[in-house]
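Going down the list, the protein sequences come from chains L and B.
Per this note's numbering: the first sequence = residues 2 to 352.
Per this note's numbering: the second sequence = residues 181 to 409.
Simulated from the structure, these hints should not be mistaken for lab results.
Just so it is clear, the structure is predicted and the values come from calculations on it, not from any experiment.
Quick reminder that beta carbons are idealized off the backbone N, C-alpha and C, glycines included.
Hints are not guaranteed to be accurate.
Facing chain L, a subset of chain B residues (Cβ under 10 Å, in silico) [as the list claims (entries may be wrong)]: (1) 289; (2) 356; (3) 360; (4) 363; (5) 384; (6) 385; (7) 398; (8) 402.
Listed next, with one range per pair, are the computed distances between beta-carbon atoms [stated by the list, open to error]: (9) L:129 <-> B:198: 23 to 33 Å; (10) B:190 <-> L:151: 38 to 48 Å; (11) B:278 <-> L:135: 35 to 45 Å; (12) B:297 <-> L:124: 55 to 65 Å; (13) B:331 <-> L:135: 46 to 56 Å; (14) L:124 <-> B:356: 44 to 54 Å; (15) B:324 <-> L:40: 22 to 32 Å; (16) B:297 <-> L:44: 55 to 65 Å; (17) L:159 <-> B:264: 49 to 59 Å.
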Amino acid sequence: MVNVWRFMNIVFLIALWMYQDPPLVSFLFVISLAIIVCLRWRFRLPSWMIIIDLLLCFLFIPFWSSSAYGLALPVYEMMSRQKYRFLIIVILLLTLFELYSIVLLWLLFQAGVFGVWDASSSKQRERYITEADRERHARHALENVKEELLQSSRKAAQLAEVSERNRIARDLHDHVGHDLTGANLALEAYEQLEGKEAEVMLNEVKLRVARSTAMLRDTVHDMTPVARIGVDVLEHIAKEFIHTPVSFQCSGDMQLVPAHYWGLLEPCLKEALTNVARHSDATEVNVNLDVTMYLVRLSIQDNGTGSKHLGEGSGIRNLKVRARANGGSVTVNAVNGYQVVCVLPLEEDGR
Amino acid sequence: MTIFIFALKRILRDKTNVLFLTLFPIAAIFLPLAQEGWPLLPLGYQYFGVLLLFVSIRLTGIMIEDRQKGVVKRLAAAPISHFNYLWQNLLAFSVIMVIQTVIVIIGGHVYGHELYGPWNLAILYIVFTFTSISISLAWNSLYRSKESSFLIFMAVIVLMALLGGILFPMEMMPEAFQRIAVIFPTYWLSEGIEWIVLGEDRGDFLFINGVLLLYALFFLIIGSIRRIS
Chain L
2 MVNVWRFMNI
12 VFLIALWMYQ
22 DPPLVSFLFV
32 ISLAIIVCLR
42 WRFRLPSWMI
52 IIDLLLCFLF
62 IPFWSSSAYG
72 LALPVYEMMS
82 RQKYRFLIIV
92 ILLLTLFELY
102 SIVLLWLLFQ
112 AGVFGVWDAS
122 SSKQRERYIT
132 EADRERHARH
142 ALENVKEELL
152 QSSRKAAQLA
162 EVSERNRIAR
172 DLHDHVGHDL
182 TGANLALEAY
192 EQLEGKEAEV
202 MLNEVKLRVA
212 RSTAMLRDTV
222 HDMTPVARIG
232 VDVLEHIAKE
242 FIHTPVSFQC
252 SGDMQLVPAH
262 YWGLLEPCLK
272 EALTNVARHS
282 DATEVNVNLD
292 VTMYLVRLSI
302 QDNGTGSKHL
312 GEGSGIRNLK
322 VRARANGGSV
332 TVNAVNGYQV
342 VCVLPLEEDG
352 R
Chain B
181 MTIFIFALKR
191 ILRDKTNVLF
201 LTLFPIAAIF
211 LPLAQEGWPL
221 LPLGYQYFGV
231 LLLFVSIRLT
241 GIMIEDRQKG
251 VVKRLAAAPI
261 SHFNYLWQNL
271 LAFSVIMVIQ
281 TVIVIIGGHV
291 YGHELYGPWN
301 LAILYIVFTF
311 TSISISLAWN
321 SLYRSKESSF
331 LIFMAVIVLM
341 ALLGGILFPM
351 EMMPEAFQRI
361 AVIFPTYWLS
371 EGIEWIVLGE
381 DRGDFLFING
391 VLLLYALFFL
401 IIGSIRRIS
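Work out the full structure: start from the sequences and follow the hints.
Structure below.
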């Protein structure tokens with residue numbers, strides 16, 4: 002844009018030159034200015050090059066007074082680079098050659114304003130660019146961190162699995178394995194022995210087998226997780242509910258249900274049972290959990306009669322919102338007893 | 181200097197270039213002096229500037245060819261600067277055209293033409309050689325294909341020659357056209373020729389050559405822009 006303005010100035014000077022028909026020498030001025038404009042277009046020239054523009058104007062104004070219009074270029078340059086001290090030279094030139102044409106002064110003023118505007122806008126643009134760069138950089142770093150975290154969690158899971166397997170293998174080898182081998186040897190010896198010695202040997206075998214059985218049980222107990230997960234949680238909740246007897250049935254492959262669904266199904270069951278305890282006169286509650294290829298359905302049905310009004314507490318409302326966030330739904334139905342149904346979709350790949 | 185030597189080889193390998201560089205200049209030597217009193221020099225020398233423009237656009241065409249074939253792209257990846265590529269090519273063009281100019285001037289002198297100042301004429305034409313090379317360089321930087329650049333530049337050459345006062349005298353043209361003519365380098369060439377025949381003040385000749393050199397610099401700056409595709 003700036004270069005268009007600069008070249009337009011040159012075109013203006015050429016047109017002026019043709020129109021006024023000054024001495025031929027002043028054509029040198031136009032070409033020299035054009036060369037400087039070209040240089041400014043191609044390269045970023047140092048600020049002192051403004052002196053050359055001013056010098057050209059100084060040399061050629063005596064030959065052709067309209068050369069003063071060429072001052073617009075250096076004025077623009079000095080204002081956009083904030084080298085205000087060159088303005089003194091311009092003012093000196095204007096007074097020296099007594100150039101007080103109002104059009105000329107107005108043109109120079111415009112050039113200066115344009116220079117200031119260009120400097121400020123380019124500064125702003127630079128700031129935006131650096132800011133955008135910084136943001137891009139931050140986002141990139143964040144993505145890297147995320148990737149690293151995912152990798153390390155995968156690695157940690159793998160490591161845990163391997164160390165657990167090592168523990169089991171070590172336990173089986175160190176305790177159970179040794180005792181069983183010892184028992185085997187003792188049994189073979191027992192076949193060769195008779196009388197009191199045989200009885201002692203048999204006792205030893207018994208002791209070893211009993212000890213290894215206990216060891217095996219311990220090892221297995223160490224392996225089973227203490228915290229309940231998945232369907233066990235629901236079953237536990239149903240079993241622990243003392244207000245009314247609860248029957249719990251489930252069908253389908255529980256492995257298909259993703260882990261975060263349990264976090265929704267569990268409060269759903271709790272909420273429904275709490276409602277039974279607080280509001281219902283029911284004597285029996287049926288809980289059904291069905292898992293098919295495409296969805297999970299949890300239904301809690303009681304045989305209460307009192308609650309014909311379907312007032313929804315904040316608990317149910319909250320569950321509805323959470324179910325919707327997962328693409329499912331929670332519905333309440335009071336036609337035949339009181340029923341809460343939670344349906345959640347399953348992904349195609351069974352995640 | 182590999183690029184320089186390669187550029188020379190490429191130029192001389194092309195049959196049409198060789199024709200331009202030998203047949204036309206030799207023909208120019210043998211063209212007679214016009215009868216009507218204008219042009220002042222023998223026809224071959226008056227029109228030699230036009231020939232120079234033609235030759236320079238043909239020679240600088242190899243740089244467009246480089247762009248078309250992706251040579252410039254490969255050079256950008258090679259350990260050689262664009263500046264190096266540019267000046268070695270330009271040097272090759274200049275050397276060929278300066279030799280051609282010198283041969284034509286010497287040929288004319290030997291043949292017995294009245295050339296007024298053969299040294300001055302040689303200087304003028306050598307300076308104009310540089311101008312025409314940089315004009316065609318700048319012109320080529322606007323185009324993607326060698327053919328369109330060449331064809332349109334032919335029209336431009338004719339226009340410049342007409343308006344610049346090479347093909348017929350400036351005085352025949354309307355006043356406004358005479359003023360516009362000043363912006364064409366060919367105007368300064370014809371001014372120079374006129375000075376060689378009629379001029380006296382040495383300063384005028386220097387001024388004319390100075391303007392031509394400034395034009396060369398101007399177009400060189402425009403033409404040296406690096407275009408990859």
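When the structure is checked against the list of hints, which entries are broken? Sort them ascending. Going through the list in order, the structure violates hints 1, 6, 9, 10, 11, 16 and respects the others.
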